[in-house]
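**Student:** Residues per chain, in single letters:
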Amino acid sequence: MKELVIISGKGGTGKTTLTASFAFLARDKVLADCDVDAADLHILADPQTLQEEDFRGGIKARIDLQKCSQCGTCIEYCRFGATSHEFVVSPLSCEGCGVCFQICPQQAISLEEGLNGHWFISETRFGPMVHAALLPGQENSGKLVALVRNQAKVLARRQDISLILVDGAPGVGCPVISSITGADRVLIITEPTLSGLHDMKRAMELVRGFKIPVSVVINKHDLNTDVTEEIEAHSTNVQADVLGRIPYDPQVTRSLVQRRCVVEDGNSPAKKAIQEIWERLEPDLLS
Amino acid sequence: MIISIASGKGGTGKTTIATSLAAVLGSRAQLLDCDVEEPNCHLLMKPDLQTCESITVPVPIVDMDKCTLCEKCGEVCRFSAILVIGEQVLTFPELCHGCGGCTLLCPEKAIHEGSRELGVIETGLAGPVEFVHGRLRIGEAMSPPLIRAVKQKINTDKIAILDAPPGASCPVINSVTGSDFIILVTEPTPFGLHDLRIAVEAISHLAIPLGVILNRSDTGDREVEKFCADQGIPLLAKIPHKRRIAEGYARGDLLVASAPHYIGLFLELVQTIRKLTRETESGLKEAVL
Numbered sequence: 013m014k015e016l017v018i019i020s021g022k023g024g025t026g027k028t029t030l031t032a033s034f035a036f037l038a039r040d041k042v043l044a045d046c047d048v049d050a051a052d053l054h055i056l057a058d059p060q061t062l063q064e065e066d067f068r069g070g071i072k073a074r075i076d077l078q079k080c081s082q083c084g085t086c087i088e089y090c091r092f093g094a095t096s097h098e099f100v101v102s103p104l105s106c107e108g109c110g111v112c113f114q115i116c117p118q119q120a121i122s123l124e125e126g127l128n129g130h131w132f133i134s135e136t137r138f139g140p141m142v143h144a145a146l147l148p149g150q151e152n153s154g155k156l157v158a159l160v161r162n163q164a165k166v167l168a169r170r171q172d173i174s175l176i177l178v179d180g181a182p183g184v185g186c187p188v189i190s191s192i193t194g195a196d197r198v199l200i201i202t203e204p205t206l207s208g209l210h211d212m213k214r215a216m217e218l219v220r221g222f223k224i225p226v227s228v229v230i231n232k233h234d235l236n237t238d239v240t241e242e243i244e245a246h247s248t249n250v251q252a253d254v255l256g257r258i259p260y261d262p263q264v265t266r267s268l269v270q271r272r273c274v275v276e277d278g279n280s281p282a283k284k285a286i287q288e289i290w291e292r293l294e295p296d297l298l299s
Numbered sequence: 006m007i008i009s010i011a012s013g014k015g016g017t018g019k020t021t022i023a024t025s026l027a028a029v030l031g032s033r034a035q036l037l038d039c040d041v042e043e044p045n046c047h048l049l050m051k052p053d054l055q056t057c058e059s060i061t062v063p064v065p066i067v068d069m070d071k072c073t074l075c076e077k078c079g080e081v082c083r084f085s086a087i088l089v090i091g092e093q094v095l096t097f098p099e100l101c102h103g104c105g106g107c108t109l110l111c112p113e114k115a116i117h118e119g120s121r122e123l124g125v126i127e128t129g130l131a132g133p134v135e136f137v138h139g140r141l142r143i144g145e146a147m148s149p150p151l152i153r154a155v156k157q158k159i160n161t162d163k164i165a166i167l168d169a170p171p172g173a174s175c176p177v178i179n180s181v182t183g184s185d186f187i188i189l190v191t192e193p194t195p196f197g198l199h200d201l202r203i204a205v206e207a208i209s210h211l212a213i214p215l216g217v218i219l220n221r222s223d224t225g226d227r228e229v230e231k232f233c234a235d236q237g238i239p240l241l242a243k244i245p246h247k248r249r250i251a252e253g254y255a256r257g258d259l260l261v262a263s264a265p266h267y268i269g270l271f272l273e274l275v276q277t278i279r280k281l282t283r284e285t286e287s288g289l290k291e292a293v294l
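Chains A and B are the protein sequences, given in the same order. Each residue of the first sequence is one higher than the one before, starting from 13 at the first, in this note's numbering. Each residue of the second sequence is one higher than the one before, starting from 6 at the first, in this note's numbering.
It is worth saying that the hints were derived from the structure and are not from the lab. Incorrect hints may appear among the rest.
[Said to hold, decoys possible] List time: in silico SDA-like cross-link candidates among lysine to any residue, alpha-carbon distance up to 20 Å:
1. A:LYS213 x A:ALA245
2. B:LYS71 x B:GLN93
3. A:LYS72 x B:PHE84
4. B:LYS77 x A:LEU167
5. A:LYS155 x B:GLU99
6. B:LYS158 x B:VAL125
7. B:LYS71 x B:GLU99
8. B:LYS163 x B:GLU127
9. B:LYS247 x A:PRO262
10. A:LYS72 x A:VAL101
11. B:LYS247 x A:GLY194
12. B:LYS231 x A:THR265
13. B:LYS114 x A:ILE115
14. A:LYS14 x A:ARG197
15. A:LYS213 x B:LEU48
16. B:LYS114 x A:TYR89
17. B:LYS247 x A:TYR260
18. A:LYS72 x B:SER85
19. B:LYS114 x A:ARG91
20. A:LYS72 x B:ARG83
21. A:LYS14 x A:ASP196
22. B:LYS77 x A:GLN119
23. B:LYS243 x A:THR265
24. B:LYS51 x A:LEU206
25. B:LYS114 x A:ARG266
26. B:LYS114 x A:GLU88
27. A:LYS155 x B:PHE84
28. A:LYS155 x A:ARG68
29. A:LYS155 x B:SER85
30. B:LYS114 x B:LEU74
31. B:LYS247 x A:ARG266
Excised from the complex, chain A in its bound form (with noise of 0.2 Å):
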């Protein structure tokens, strides 16, 4: 089994787009979304779903105020100022570390364990897909993405599927770690301008940091040529493969907003681009 991850560093430079497309593209796949924080995947996939699930992730502190005597030492020993004078705690502040509870001498502070998020299991029209949506504003996306990775391990088994396609979030962070974490292959897609190529060495330099085999789209690319070029002389230099480019092409939008992707639609540069590099790509994540 072969695990895709695709990422991008900068945000909107097209992972959903091509995540989509691949699973239009590839033969036997399953589908996880790992953007939970902002999954759009489902827009395009258009999912049955059938299963649905409760994701609890996180844990907060909560005191009793019948049983607390206003000490205060719950205040002192807090290091993350979720504890108010009034002896109500945060939600937004309280990491759930435990340290009120366990120094309370009036034993009136629980651990409460709250509703992160849910996540799904669903068949869409390219295939099964595992998905989530944590929450807004909530914490731990790190732990939801790698229950979607896990589950979308044990379909793929199930079904006897040897591909997933995964698509990541943006940044260098807490998802971003969790959806490459032990992936066969990552793959950054970027633009050509200075905040897609800098995001792109930051991306870069996690991945490689996991060891991990990685290519590089750049949509895009006749925005600017030289950053083009200074985005293929980095990869190269890093022992990063240029899988393709794929040009600026109003198509991609058109087919969004008719939610489907731009390779289901006519014959746009955009789309021939994107069949090329799934050529390009397939066969090693067969072997």
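Since the structure of chain A is already known, use the hints to place chain B on it.
**Tutor:** Relative to the frame of chain A, chain B by itself:
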């Protein structure tokens, strides 16, 4: 006044808006890049960075001469960052949140604290604009404490402009909490709309007035505009897609440099935001009375 620029979906133009707003306000502005995972404001503002400060979290160091292998540390740690295995105490600094629980509760006082670097905060000047950004160390998963450290640098004498990370989870909430106004930048596509909805939901309980800027407004569909109208969210500005603007951004030029006719729009934006925050304040006062 603190104005945060957030988006839900990435790549919709947060940094474009934040940098041009700061540049137009000049010496009245302070720009703080809270997208510590992928900070980009410096690429457009080209600040002269003068200070660099390392931000750390405390992590446990165990003195094995004092340790009796009682396992109390492993019991209290909720992040699996310390545990006793056989005759050893293993620590996993990357998992540690720095709560100090193990150090505090070790009966033998066998634990003291070292530190792990989360990243750095750099400050300087971009022309007349005060500039601050955080850069998360590559491999570090915990961005919120670094974001909070960036926000410690807010200069209350200025109009502080905060460029928030994309998404709608804890890093975004940590960035925008305490703001007087939030600008959500989006694009008119099903992705832009979906992620805008999530962002609005995530920040709604903070009761901070907000407005939307629609970028690349002439592409895609009309659904974002309908959503804003239905929800009563002010549409602050529409910026059509122009090849010239996209090419300028690619090179690292500010929007107001590629398209100077937008200078007026940003000046008006500040007036609109002042008006909307005042209305919200008086609305809140009325509600209280």
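**Student:** Straight-line Cα separation of LYS155 (chain A) and GLU99 (chain B) no greater than 20 Å?
**Tutor:** The hint holds at about 15 Å.
**Student:** Hint check: LYS72 (chain A) vs SER85 (chain B), CA-CA at most 20 Å. Holds or violated?
**Tutor:** holds (17 Å)
**Student:** What's the verdict on LYS155 (chain A) and ARG68 (chain A), does the C-alpha distance respect the 20 Å limit or exceed it?
**Tutor:** Since the Cα atoms of LYS155 (chain A) and ARG68 (chain A) sit roughly 10 Å apart, the hinted pair holds (cutoff 20 Å).
**Student:** Take the C-alpha atoms of LYS51 (chain B) and LEU206 (chain A), compute the straight-line distance between them, and say whether it is at most 20 Å.
**Tutor:** Status holds; Cα separation ~12 Å.
**Student:** Going straight from one Cα to the other, do LYS14 (chain A) and ASP196 (chain A) come out at no more than 20 Å?
**Tutor:** holds (6 Å)
**Student:** Would you mind confirming whether the straight-line C-alpha gap from LYS77 (chain B) to GLN119 (chain A) stays at or under 20 Å?
**Tutor:** holds (18 Å)
**Student:** When you check the alpha-carbon spacing of LYS114 (chain B) and ARG91 (chain A), does it fall within 20 Å?
**Tutor:** Distance ~19 Å between LYS114 (chain B) and ARG91 (chain A) Cα, so the pair holds.
**Student:** Quick one, are LYS77 (chain B) and LEU167 (chain A) close enough, alpha carbons at most 20 Å?
**Tutor:** With Cα atoms ~39 Å apart, LYS77 (chain B) and LEU167 (chain A) exceed 20 Å; violated.
**Student:** Between LYS247 (chain B) and GLY194 (chain A), does the CA-CA distance stay at or below 20 Å?
**Tutor:** violated (41 Å)
**Student:** With a cut-off of 20 Å on the C-alpha distance, tell me whether LYS247 (chain B) and TYR260 (chain A) pass.
**Tutor:** holds (13 Å)
**Student:** Verify the proposed pairing of LYS72 (chain A) with ARG83 (chain B), using a straight-line Cα cut of 20 Å.
**Tutor:** holds (11 Å)
**Student:** For the pair supplied as a hint, LYS114 (chain B) and ARG266 (chain A), confirm whether the alpha-carbon distance does not exceed 20 Å.
**Tutor:** Violated. LYS114 (chain B) to ARG266 (chain A) sits at ~64 Å, over the 20 Å cutoff.
Taken one by one, the earlier hints fail for this structure at numbers 4, 7, 11, 25, listed in ascending order.
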